[in-house]
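Novice: Sequence:
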Amino acid sequence: MNNHTSSSSIIRENNLSLVLNLIHAEGSISRADLIRRTNLSATTVSALVNLLIESGIVHEAGTGASSGGRRPILIEFNYQYKYALGVDIGASHITVLVMDLRGQPLAHQTVHHTVVADPTGTFEHVRRMIREILETTRLQQADLLGVGLTLPTPLTGEALDRPLTYYMPAWKGIIPVAEIRKVLSIPIYVENDANAGAIAEKWWDIGKGLENQVFIKIGVGVGSGLILNGEVYRGHGGTAGEIGHTTIEVNGKPCRCGNNGCLEAYIGAYELIADLLSAYTEEGVSSPFTHPPTVEQLVHAAVQGDVIAGQIVQNAGRYLGTAIANLLNLVDPGIVILNGDLVEAGPLLLDAVQTSIHQRVMPIAAQRTEIAISKLGKLAVAIGAATLVIQHAFQPANLPKSLKRSQS
Numbered sequence: 026m027n028n029h030t031s032s033s034s035i036i037r038e039n040n041l042s043l044v045l046n047l048i049h050a051e052g053s054i055s056r057a058d059l060i061r062r063t064n065l066s067a068t069t070v071s072a073l074v075n076l077l078i079e080s081g082i083v084h085e086a087g088t089g090a091s092s093g094g095r096r097p098i099l100i101e102f103n104y105q106y107k108y109a110l111g112v113d114i115g116a117s118h119i120t121v122l123v124m125d126l127r128g129q130p131l132a133h134q135t136v137h138h139t140v141v142a143d144p145t146g147t148f149e150h151v152r153r154m155i156r157e158i159l160e161t162t163r164l165q166q167a168d169l170l171g172v173g174l175t176l177p178t179p180l181t182g183e184a185l186d187r188p189l190t191y192y193m194p195a196w197k198g199i200i201p202v203a204e205i206r207k208v209l210s211i212p213i214y215v216e217n218d219a220n221a222g223a224i225a226e227k228w229w230d231i232g233k234g235l236e237n238q239v240f241i242k243i244g245v246g247v248g249s250g251l252i253l254n255g256e257v258y259r260g261h262g263g264t265a266g267e268i269g270h271t272t273i274e275v276n277g278k279p280c281r282c283g284n285n286g287c288l289e290a291y292i293g294a295y296e297l298i299a300d301l302l303s304a305y306t307e308e309g310v311s312s313p314f315t316h317p318p319t320v321e322q323l324v325h326a327a328v329q330g331d332v333i334a335g336q337i338v339q340n341a342g343r344y345l346g347t348a349i350a351n352l353l354n355l356v357d358p359g360i361v362i363l364n365g366d367l368v369e370a371g372p373l374l375l376d377a378v379q380t381s382i383h384q385r386v387m388p389i390a391a392q393r394t395e396i397a398i399s400k401l402g403k404l405a406v407a408i409g410a411a412t413l414v415i416q417h418a419f420q421p422a423n424l425p426k427s428l429k430r431s432q433s
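Here my numbering is used: the first residue of the sequence shown is 26, the next is one more, and so on.
Bear in mind the hints are in silico, worked out from the structure with no lab data behind them.
Among these hints, one or two may not hold up.
Each computed SDA-like pair below joins lysine to any residue, with the alpha-carbon atoms no more than 20 Å apart [claimed, not checked]: (1) LYS107 to HIS84; (2) LYS107 to LEU209; (3) LYS197 to ASP143; (4) LYS400 to LYS197.
Let the sequences and hints guide you as you build the complete structure.
Specialist: Now the structure itself:
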């Protein structure tokens, strides 16, 4: 291939990606609007649309409103053209999900597992779950555009497919992408779990269309995904968003990261349960739980009026509000979206969060910032993982090979 041919190919791929992403975003659009919004020639748009129709990615569907002449034929995206697989590997759970290109989950399954301590067992579960969910949905590997994989750790430097083993020492030498490739030979995109949650919110839910937002995921660990100026902000080395390891108590409790006084040491799942059981003992009250409870059970007890459980949730809200106040003073995102079992406490948690924020943040930031609970719930990160596929698959370098061959 000479330089001229190569250059022409790159231009065609860029144009095809531009048109394809616009049709996907709009759902349906006329050729005339494609020409107007892309600034491409009518001949170019016509050729690209015909190619996409032949491939099955789009189809003609009905007519739009007339602006004076004939009613235009609309080009509609086929959201069932292919599917995206999302694999959410958390600190203590694994979720696998299949989603169409409109962001609608077809099927999902979750297992609880000691992920941080057992990478081998983790990927045994992942591979089995992938096989089972494809069988359940009657999909083949060829029906998938790719797989998005999320990990509960910062991803740094050039090795973006490897966990930061400072947080997960048992995972030293583990290459997650290679483990997935034992069962799938399709494109794999990797992201930090909180960043994926932020992506899910921006594409499909509360954060849709917002250029600046923060997603905070509260589980065993506490992380946040920052969307600034429309893009995930990772910082210089990839560790931006580690709100769980910001200090809220000088000389406070020790944290698993080696520091003291981190937010995670106060509102992480294990710490919440330990504080709950300790509080029952200190108050001379028998724990109502036959076994160490989950955060879900803690929240349920608090909402049902258990005074000690309620105090634990409110304390967590005050600590979380302190961390959010620091974040607002630094970033001013406009909206903070909360996710995790703890947020199911609703007003019992949020009132404490808001009180703490108003005590510590600049008034104008408090007035202009919304604190919201994610509607995506437990599937937020898995949906974000699958969204990575959609986000990347229609970029010029990642276009399906069938389209590239059709252009040559």
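Novice: With reference to the structure, classify each hint as holding or not holding.
Specialist: Here's how the hints hold up against the structure:
| no. | hint | in the structure |
| --- | --- | --- |
| 1 | LYS107 to HIS84 | 14 Å, holds |
| 2 | LYS107 to LEU209 | 15 Å, holds |
| 3 | LYS197 to ASP143 | 11 Å, holds |
| 4 | LYS400 to LYS197 | 35 Å, violated |
Hint violations for this structure: number 4 only, all remaining hints satisfied.
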